[in-house]
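Engineer: Next come the chains, spelled out residue by residue.
Number of protein chains: 2
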Amino acid sequence: MMNVDKLYAAVAEKGVVCVGLDTDFSYLPADFTDSTKTKAENIVAFNKRIVEATKDVAGCYKVQIAYYESLGIEGMVAYKQTLDYLRANKLVTIADIKRGDIAKTAELYAQGHFAGDFEADFVTLAPYMGMDSITPYLPYCKDNGKGVFVLVRTSNGGAKDFEYEKLQDGRHVYDLVGDKLNTLGKEYMGENGYSSIGMVIGGTHIEEAAEIRAKYKDNFFLIPGYGAQGGTAKDIAQYLINGNGGVVNSSRAVLLAYKKQEGTAFDEAARNECINMRDAIKAECAALNK
Amino acid sequence: MMNVDKLYAAVAEKGVVCVGLDTDFSYLPADFTDSTKTKAENIVAFNKRIVEATKDVAGCYKVQIAYYESLGIEGMVAYKQTLDYLRANKLVTIADIKRGDIAKTAELYAQGHFAGDFEADFVTLAPYMGMDSITPYLPYCKDNGKGVFVLVRTSNGGAKDFEYEKLQDGRHVYDLVGDKLNTLGKEYMGENGYSSIGMVIGGTHIEEAAEIRAKYKDNFFLIPGYGAQGGTAKDIAQYLINGNGGVVNSSRAVLLAYKKQEGTAFDEAARNECINMRDAIKAECAALNK
Numbered sequence: 003m004m005n006v007d008k009l010y011a012a013v014a015e016k017g018v019v020c021v022g023l024d025t026d027f028s029y030l031p032a033d034f035t036d037s038t039k040t041k042a043e044n045i046v047a048f049n050k051r052i053v054e055a056t057k058d059v060a061g062c063y064k065v066q067i068a069y070y071e072s073l074g075i076e077g078m079v080a081y082k083q084t085l086d087y088l089r090a091n092k093l094v095t096i097a098d099i100k101r102g103d104i105a106k107t108a109e110l111y112a113q114g115h116f117a118g119d120f121e122a123d124f125v126t127l128a129p130y131m132g133m134d135s136i137t138p139y140l141p142y143c144k145d146n147g148k149g150v151f152v153l154v155r156t157s158n159g160g161a162k163d164f165e166y167e168k169l170q171d172g173r174h175v176y177d178l179v180g181d182k183l184n185t186l187g188k189e190y191m192g193e194n195g196y197s198s199i200g201m202v203i204g205g206t207h208i209e210e211a212a213e214i215r216a217k218y219k220d221n222f223f224l225i226p227g228y229g230a231q232g233g234t235a236k237d238i239a240q241y242l243i244n245g246n247g248g249v250v251n252s253s254r255a256v257l258l259a260y261k262k263q264e265g266t267a268f269d270e271a272a273r274n275e276c277i278n279m280r281d282a283i284k285a286e287c288a289a290l291n292k
Numbered sequence: 003m004m005n006v007d008k009l010y011a012a013v014a015e016k017g018v019v020c021v022g023l024d025t026d027f028s029y030l031p032a033d034f035t036d037s038t039k040t041k042a043e044n045i046v047a048f049n050k051r052i053v054e055a056t057k058d059v060a061g062c063y064k065v066q067i068a069y070y071e072s073l074g075i076e077g078m079v080a081y082k083q084t085l086d087y088l089r090a091n092k093l094v095t096i097a098d099i100k101r102g103d104i105a106k107t108a109e110l111y112a113q114g115h116f117a118g119d120f121e122a123d124f125v126t127l128a129p130y131m132g133m134d135s136i137t138p139y140l141p142y143c144k145d146n147g148k149g150v151f152v153l154v155r156t157s158n159g160g161a162k163d164f165e166y167e168k169l170q171d172g173r174h175v176y177d178l179v180g181d182k183l184n185t186l187g188k189e190y191m192g193e194n195g196y197s198s199i200g201m202v203i204g205g206t207h208i209e210e211a212a213e214i215r216a217k218y219k220d221n222f223f224l225i226p227g228y229g230a231q232g233g234t235a236k237d238i239a240q241y242l243i244n245g246n247g248g249v250v251n252s253s254r255a256v257l258l259a260y261k262k263q264e265g266t267a268f269d270e271a272a273r274n275e276c277i278n279m280r281d282a283i284k285a286e287c288a289a290l291n292k
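Chains as they are written, first to last, in the working numbering: chain A, 3 to 292; chain B, 3 to 292.
One thing to keep in mind: the hints can contain errors.
The list makes no distinction among identical chains, and a pair is therefore deemed to hold if it is satisfied within one copy or across any two copies.
[Claimed, not checked] Derived DSS-like pairs (lysine-lysine); straight-line CA-CA distance at most 25 angstroms:
1. Lys39 to Lys162
2. Lys162 to Lys106
3. Lys162 to Lys188
4. Lys262 to Lys284
5. Lys188 to Lys8
6. Lys262 to Lys106
7. Lys16 to Lys262
Note that these hints are calculated values from the structure, not bench results.
Pulled out of the complex, with its shape left as it was, chain A reads as follows (with noise of 0.2 angstroms):
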């Protein structure tokens, strides 16, 4: 069965929560932490919790690697130790490297993240030195029924300074980048209709939302931007079909749920925080007919 097809199925199941394990060591509560172990140790831990309280209302989980290589080795081992807990929780993992490299280089690190130590269902890619930095992934999509998420139009503030730009023929230049990826993603089609080749496709700024969905009806969305940056669940409904082919990302406001919910413990606290995100898109989805 290939990544796509079981993405599809625990959305499907337990909703669009993407739960963003980018988990800054100041993120702990005082209370839990442990001063006997390293500060790696400690995010484990607090990993562990937060997957076993959510594992039933989230859809996947995105590790940020940059929160680990921050720690150097240590923290290298906390990633590798947040990914095996997850697998062996049998939970869709999207590795978020946004890698962008080629040729044999991009082979290396499709080998070092479907493979070995840091293995995950997904990774997350860069596009700006070509389709040649995103090919050297696709045997693994073939073979292994791994999927990538490439950025194309992003959340933030920068999205702006290129990839907003339009070019000669009118597209914007993450249309291009869309464009060539949608066309690549039809030979990797799962079961449900979505292909192995994904899309980052920011919940912000949503003028053209309609319109990119229509375009790329058969490529699955990693959608960031939920909350923090301004994006709602309506905003976010636009990007779902049938309340699926997309998952929204949540790290903050599920990893430091505790701190607004006066009295409830850090897990349970994450755990409501997913059910209200989930229901609150869900919602709009019934409302729109997505």
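Position chain B against the provided structure of chain A, taking the given hints into account.
Structural biologist: Just chain B, lined up with the frame of chain A:
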């Protein structure tokens, strides 16, 4: 002293060759590898011999992290040990990580690669998401003398897919990226006329080389594409100013030089290759008065 000034001085003293420690285990001579050690340990031993043999004829070293990430935790240890060895020898290091992310994520990458286990003098960055994927590195440029090389116009075939596309104002996408970086770079100038904001400019497709060099005369160039990808010494010389202002990466041609120099030890062969490459580019600079 800023790292861009250290790099300028190293190039003036030792030449433009940037040795790429993109060390795949398969590159190691069979009679050098020690079967009681891991692949990663063997790679570190090999790297040290290459560095020892080339450190007076190479301007700097670039370590491509993908080669180490692909080996998981032990690979990351090898990555750290390679950087540690370069730092202990006071050599200028470029971490070829091509990271591209925003906000806190980018801050953490900066922390991870400009301090701690994986500290390097320069990192490479990818600009797709916009200038807010570059700015989080700037405090380290200002306060710690660090520098960045941002992808502008790369040497691979896929560069044509997005980088070479023309915008409505007639500029290529890479021109827009380069222009914004050049403007930003003026706030981070070193003592020798070069900024801590460098650019990756491929040594192939050199049609606009003179124009690019003239436009971005205060940005140091990291130049891939020499040799295997088709860039000649004459091509490369177009991108230099008085034989400086750029470093030219060579990885496989240096690491595997022993395969073309029968009877010569791998480290001596690597040294010979650096000298030949340095002198070939120097001669073309002299001929072109660059």
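Engineer: Determine which of the earlier numbered hints do not hold for this structure and return their numbers in increasing order.
Structural biologist: 1
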